[in-house]
Each structure stands twice: as C-alpha cells, then as structure tokens.
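Heads up: the sequence lines are chains F and L, in that order.
Numbering-wise, the first sequence is residues 1 to 412 according to UniProt numbering.
Numbering-wise, the second sequence is residues 1 to 412 according to UniProt numbering.
By construction, these hints were calculated from the structure, which means they are not laboratory data.
Positions of the beta carbon are idealized from the N, C-alpha and C atoms, including for glycine.
Among these hints, one or two may not hold up.
[As the list claims (entries may be wrong)] Partner residues are not named here, just some residues of chain F that face chain L (Cβ under 7 Å, in silico): (1) L239; (2) N266; (3) V273; (4) N275.
Number of protein chains: 2
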Amino acid sequence: MFINMSRVQQIIDKLSTISAEQGELTRLAFSPEDQIAHNYVVELCQGHNLQIRYDEIGNLFIRKSGTEDHLPVVAFGSHIDSVVNAGKFDGPLGSIGGLEILLQLCEQNIHTRHPLELIIFTCEESSRFNYATLGSKVMSGIANQQKLSHLRDKQGNGLQQALTNIGLDFNKIDQAKRQANEFKCFVELHIEQGPRLENEQKTIGVVTGIAAPIRCIVNIQGQADHSGATAMHYRHDALLGGAELALTVEQAAIDAGHSTVATVGNLTAKPGVMNVVPGYCELLVDIRGIHTGARQSVFTALKQQIEIISKKRGLQIELQLISTDNPILLPDNMIENISRASQELGYSFEMMPSGAGHDAMHMATLCPTGMIFVPSHKGISHNPLEFTEWKDVEAGIKVLQKVVLEQAEVVG
Amino acid sequence: MFINMSRVQQIIDKLSTISAEQGELTRLAFSPEDQIAHNYVVELCQGHNLQIRYDEIGNLFIRKSGTEDHLPVVAFGSHIDSVVNAGKFDGPLGSIGGLEILLQLCEQNIHTRHPLELIIFTCEESSRFNYATLGSKVMSGIANQQKLSHLRDKQGNGLQQALTNIGLDFNKIDQAKRQANEFKCFVELHIEQGPRLENEQKTIGVVTGIAAPIRCIVNIQGQADHSGATAMHYRHDALLGGAELALTVEQAAIDAGHSTVATVGNLTAKPGVMNVVPGYCELLVDIRGIHTGARQSVFTALKQQIEIISKKRGLQIELQLISTDNPILLPDNMIENISRASQELGYSFEMMPSGAGHDAMHMATLCPTGMIFVPSHKGISHNPLEFTEWKDVEAGIKVLQKVVLEQAEVVG
Numbered sequence: 001m002f003i004n005m006s007r008v009q010q011i012i013d014k015l016s017t018i019s020a021e022q023g024e025l026t027r028l029a030f031s032p033e034d035q036i037a038h039n040y041v042v043e044l045c046q047g048h049n050l051q052i053r054y055d056e057i058g059n060l061f062i063r064k065s066g067t068e069d070h071l072p073v074v075a076f077g078s079h080i081d082s083v084v085n086a087g088k089f090d091g092p093l094g095s096i097g098g099l100e101i102l103l104q105l106c107e108q109n110i111h112t113r114h115p116l117e118l119i120i121f122t123c124e125e126s127s128r129f130n131y132a133t134l135g136s137k138v139m140s141g142i143a144n145q146q147k148l149s150h151l152r153d154k155q156g157n158g159l160q161q162a163l164t165n166i167g168l169d170f171n172k173i174d175q176a177k178r179q180a181n182e183f184k185c186f187v188e189l190h191i192e193q194g195p196r197l198e199n200e201q202k203t204i205g206v207v208t209g210i211a212a213p214i215r216c217i218v219n220i221q222g223q224a225d226h227s228g229a230t231a232m233h234y235r236h237d238a239l240l241g242g243a244e245l246a247l248t249v250e251q252a253a254i255d256a257g258h259s260t261v262a263t264v265g266n267l268t269a270k271p272g273v274m275n276v277v278p279g280y281c282e283l284l285v286d287i288r289g290i291h292t293g294a295r296q297s298v299f300t301a302l303k304q305q306i307e308i309i310s311k312k313r314g315l316q317i318e319l320q321l322i323s324t325d326n327p328i329l330l331p332d333n334m335i336e337n338i339s340r341a342s343q344e345l346g347y348s349f350e351m352m353p354s355g356a357g358h359d360a361m362h363m364a365t366l367c368p369t370g371m372i373f374v375p376s377h378k379g380i381s382h383n384p385l386e387f388t389e390w391k392d393v394e395a396g397i398k399v400l401q402k403v404v405l406e407q408a409e410v411v412g
Numbered sequence: 001m002f003i004n005m006s007r008v009q010q011i012i013d014k015l016s017t018i019s020a021e022q023g024e025l026t027r028l029a030f031s032p033e034d035q036i037a038h039n040y041v042v043e044l045c046q047g048h049n050l051q052i053r054y055d056e057i058g059n060l061f062i063r064k065s066g067t068e069d070h071l072p073v074v075a076f077g078s079h080i081d082s083v084v085n086a087g088k089f090d091g092p093l094g095s096i097g098g099l100e101i102l103l104q105l106c107e108q109n110i111h112t113r114h115p116l117e118l119i120i121f122t123c124e125e126s127s128r129f130n131y132a133t134l135g136s137k138v139m140s141g142i143a144n145q146q147k148l149s150h151l152r153d154k155q156g157n158g159l160q161q162a163l164t165n166i167g168l169d170f171n172k173i174d175q176a177k178r179q180a181n182e183f184k185c186f187v188e189l190h191i192e193q194g195p196r197l198e199n200e201q202k203t204i205g206v207v208t209g210i211a212a213p214i215r216c217i218v219n220i221q222g223q224a225d226h227s228g229a230t231a232m233h234y235r236h237d238a239l240l241g242g243a244e245l246a247l248t249v250e251q252a253a254i255d256a257g258h259s260t261v262a263t264v265g266n267l268t269a270k271p272g273v274m275n276v277v278p279g280y281c282e283l284l285v286d287i288r289g290i291h292t293g294a295r296q297s298v299f300t301a302l303k304q305q306i307e308i309i310s311k312k313r314g315l316q317i318e319l320q321l322i323s324t325d326n327p328i329l330l331p332d333n334m335i336e337n338i339s340r341a342s343q344e345l346g347y348s349f350e351m352m353p354s355g356a357g358h359d360a361m362h363m364a365t366l367c368p369t370g371m372i373f374v375p376s377h378k379g380i381s382h383n384p385l386e387f388t389e390w391k392d393v394e395a396g397i398k399v400l401q402k403v404v405l406e407q408a409e410v411v412g
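When you get a sec, could you build the whole thing from the sequences and use the hints?
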C-alpha cells in the first residue's frame, strides 16, 4: 500500500523547526512550542474524516472510526515532545508515520472493521520534569494525580502549573486512565537510538522487551570553604563526592552485565565558582536494563558507595528515588506479527530488546503491544546528529501499516 | 590609640546588607551593588580632610596628605567585592579597618610626615571573571589591557562592558599602573580564612608569604547519546571524564605536600538532563601553594591525566590556562614590624603563610609589603558562616594602625 514519503519528510522537517531556540530543536513537553507542534498535527487532519480528542493529561487521539466501531481499538503512535537540542526523528517518526497511515486510508477511502487510534503521548521525554512517559503512565493508571504532585521542572514549576498553562486541570488527570478492554493492540514505531541495526546491517528491529529506568536524584551537602585557605584534609567537598559516585554508577553498570546501562546525566555544584570549595552537589542518575536483578545491583552499589563516601568525606548524602519503571517483555504474537510483516515486505530484521524506555512499555500493561525499530546512524540520539535514512523511515512505516491494517481488518 | 569599634561594626554590618540578593551577601565586582557599596564608603569620608580618587580600573584611593606630602605613600587596604553568598569579613575587615584609622586621625587632628592612602582594590574575587585580584594586578603592571581582553563573566560579558557600565574606559586601564617609588610600604589586614590561628589559639597571624593560584578551565568534548539505548562501551561521556579529572586534581594536591591545595570549583555538564549521556563538560580548576614546584606538580599531573583520559574515553580535552600568579615571600622588615607591633600591644601571634591569594601579593612587587591575619572561626570563609570575633577584629585594626603610623611617622 502506498506511503507518500515526500509528505512524511516534509512534516517531519517542518516539526523540527518548531523549537524554543532558533537553530536547534528543543520542544519540551507542555511548552508553547509543544502546543504549536500539536496544533500543526491537528491542522493536518482537517478535511479528513478523523476525530480529534485530547484527554485530561494532554494525550492527543486521532481516531478513524471502524465499520464496527464498538470493537476494541487498534492503536499506534509515539510522541512529539523532545529533549533539549534534540534530533528530529525521536518521536515524530512514529507519530507522523502513524498520521500518514490514517491520511492514506482517508484519501484511498479504505475502511477497517476495528476503529483506529493514532495516539500522540504527552511528555514522553524526562527533560521537562525528570520524569519520562508521563502521558502513557497516566493513561495506563501507573501514575496518578497523587503520585505526580511532587514533579517540578528546572524553573521550579509543578505539573499543575504546566497543565493550567495549556488549559488542563491537574485535578482531573486521573480521568485520563483507559481500560484494557478498549484496546485490541498497540504498536509503536521508533528509531533504535542505538547502533545495533546499523552494525548488523538490518532494516527492521523487532522489539522483544523494553528496558526500564530506575531514576534518582542524589543530594550531597558538604561545606563551602575558601579554596586557597582550606587545607585538603579539612575539606568536605561535595563535588568530589559527586564525582566518586558518578564513577561508581558507571563501574557498577559495567559489572552488572545483561546490557545494563547507567548514566549520571547531570552534576550541579554550588556555589560553582573558581575560588570556593563546592559545598553542595546534585546528581541525576538513570539506571536501565531488561534484567531486573542486574539493574538493581547498580542501585545497590550506588547506595553502598553513598554510605562509604559520606563517612570518608564528611558529607550528608540523600538519595531521592524519582521513579522505578518495570522492564517488560513484549508478547510473542505481536513479535510474530511484526516479524512476518517485515519478511513479507522483504525487509531484513533483527529481534532485539529496547534499551530506551517508550510509551509502549506502559501500553503493554493494557493490551498486546509491539514495537518496531529502524536504524539510527552510529546509534546517535538525543542529539542534532540523530539520523535515519528516509528509505529506512519508509520501511518502518510500511511495516507499521501492514501490522495495523491486519489487526484492524480491512473491509472488502 | 583609640579605635571606635561600634562604628567599625556598624559599617561592616551595613555593607553586608548591600547585595544582589536579599538575605545573602552577593556583591560581585563592577555590579550595581558593588557601586552602591563604594559610594557608601566614599560618603563616610565626607566632612573629613580626605582626598577621594578612582583610578582607570576602578581602584578607590582615600588619601590623607602628609606634612611632607611629596614623600612616598604609606598604603594599606583590602577590597569590598565579594563571592556569591559570601561572609561579611572577607575584604571589608581590612577596608573598613583602614577607613577607621583614617577617620581617627582626622577626628583627633593627628598628622603624619608621609601621606597615607587607603586602597580599596577592585575585583579581588574571581567570582565575576574567573580572574582574581584584578585591580592590584593592573596597578602593579602584572596585567594590562591586552592580557585582559579575553575575560568574560558567566553571562558572557567582557571586562570592557563591565567598565563601561560604571563609566570607565577599558582603553585607558593601563594608565592605572603605579610606580614603585610612589610607595614606602603596603599593609593588608585580612581574616585568615583557614583554621590555624583558632587551632593554635593565637590572635594575630604575621604572614610570611602568600600562596598563589594557577587557574585553568578544562573543556571536555564527548558525545551526547541516549542514556538508555547506548551501551556502556559505546559511550564518550564527558561528565565522567570530568569526574576523573576532578579526583586526579585532589589526589595530586595531597601527594604534592608543602600545604599545596587544589580545587575543582565547578563542573558543568551539557545538556545536563536525566536521559542523555553528557556530551560536554567544563571544569574550573584552582591550584595553590607557596612552593612553586609542588604546585606545578599538580598542574603536571592534571595534564598527564588529560592525555590518559582523552585516549581511554575517546574525548577531546582542552586545557585553557587562565592565570598563573607567582607565590611570594614577604620581606623580613615588614614581618618584624608586624610582629613587634603585635607584641607591644600584648597580642599573641603566629608566623604563617597565606593559603589564599590577596592584593598584597601584587603590591609586594611594588614596595615592602606586610600582611596581618586575624582568626576565622573553624576556618570557614566564602560562606555566610564566616565569623571573626569583634575583639579579634579590634586587635587586627590596632596592629595595622600601629604599623601604619610608625611607617608614616606621626608628627609632633
């Protein structure tokens, strides 16, 4: 079935220019530019027989009715919010790929028994609130109002304020929860964000499971002192405590095996000037894997090292757990559906886990869920150098299209 | 001779409220609040027979003529700019102590053969431009317009802009250079900013030499990648390179001995979010000592480790030398003058080096220079908890007064 690649390319390129900063792509969730991007996608649906709906947390649903519209929905989608200084494919690929599938059905007047829903999840990236996949977590009931009241962005604003700014009511977000029996299945198309497909020279990744993060903030309180007049043995240098913990996190991830990864995404020292021993330090820590035990071993190593370093350096160290998502295995039937579609379309494919978290992870708690990867050049992502060839983008959309239409059952 | 301690205390307390932020003391050089503080000090001189002059870099001179006014000046002073979230004694002690000495002479109608100059040096702290003792460096010819054109503050503004904002002309700053034969001597009174006097239960520190910093910025370029999808062995994590270098700097200072100290005052990672492997990192490094060889060994260790880490982690690391000040030994006659004054006034005293850099370091290249320390509680400085007992403040001012008046030769 036809895919209009020039339209897909044009929309993805246009989205990449909707940004908080000229010359880079920065579109944090709930920001004015995120709203502009949403409005742009909704505009593209005008004149087609598609129903537009936002839920109470800000997820966007673009629905095409089925001929038997009471049947469970065949859903697919991704997100369009971004990290700071992002690449243009992370999120928009699955969102605009899904939109293209709906537009083709409308233009070619093709109908399905099951209704179709393109879901553009809100706040998938953790860059706004140090909290990822917010929209799908609320939709699947994994997060709720009570659990989210502590979220704050870098400016100290809460989720409540962010929702108010776009006309939503924080007190109603629990109404965004959906029921399992509403969905027949969910499929997400995404770039790999790792180098495996490129290294293996495969076009399609059939995702078997999704690694999930443990996220925490480490607060280190030492003592600010004059950097010239304070002898080394009198110091309580919070930055050095943070440096040791960052290296601990790295080594523990290497030791853990099972493709476990761990990252200190930021280290902030205060007062942060040349001539003062840093009295305070904060670390953002993200630990991921599909092997729960291996992942936990990194967290345990961090906790043990906090004990050791706080004693050794005379520091007060607090570990604040932000989120613990469970890694999930995707169901065999969805893995088979995607493999078969790839094979029938003549694309090489590879079974693989996803190192990155995705909204599919939470949708998998509601309904049979599958995930399709296409190659990321050198594995680079969350970076302007993120790149996927357009022929691979097309391959991904075609596999998504085939799986979705088989599940939704084309009529006549 | 009398010192009006209630006036000294009142002025130091008043200065501590002139700040960029309510509830803390932050008075960066050349800022509006720094100007307000200067104007306040100048106002206190009104009605007395004192001459006020600013030089081309912004140093403030408060002069009392001598009966033989052509004789070389007996100078003393300190600074009133501060670090971020500072204590109230670092700088104001020697500045306001010196002012009190001048005010007493005016009020008691006492004259000296030599003219007296209280110098309030501009931009002593490196917190504005990562560059310390700017005013005294320009005054002594150690820095000049050409060497200072690269300076930038955290907002990216240059020294030229900062000077323009307060009505000075960057193109004229070399005219602030003074000649050695203009000065008979210089004496600076300052808090110790270390715990030695308190630990030794001494009131006065007679400074024998001043440690000086090597300062540099380390720029680390790695690769920003998705923190979930990038295996540990594919990463080029700039933050972890920075963490290793920070710990190297610490260990090298411990190994160097000779009271050498070294500090990474700040580590900045970019993009600095939870879900991206940091692609960039910057360190501010300050290495100090009075033993040049020991100090150099830390710098050498840093350079060697940069080689090792850049290869090991696949990082591009640049070391940018910001300043190298020479440690100095203060002349025996000034050490003896201060010791004798302390003894005659009945104060216990201790010979000691200064770990912190001071304007006295550069004045020592122009004329015989001495330095007087008073105790800092627990050695805390560059911190709101900085504390010196008022009786020790008085002791320091009295020793300064005695030395200055002996040098300036009270008439009749």
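Hints and how they fare:
1. Using the Cβ-Cβ criterion of 7 Å, the hint placing F/L239 at the interface with chain L is satisfied: the shortest such distance is roughly 6 Å.
2. The closest approach between the C-beta of F/N266 and any C-beta of chain L is roughly 4 Å, which is under the 7 Å cut-off, so the hint is satisfied.
3. Nearest Cβ of chain L to the Cβ of F/V273: about 5 Å, under the 7 Å cut. The hint holds.
4. Given the 7 Å rule on beta carbons, the hint for F/N275 holds: about 5 Å separates it from the nearest Cβ of chain L.
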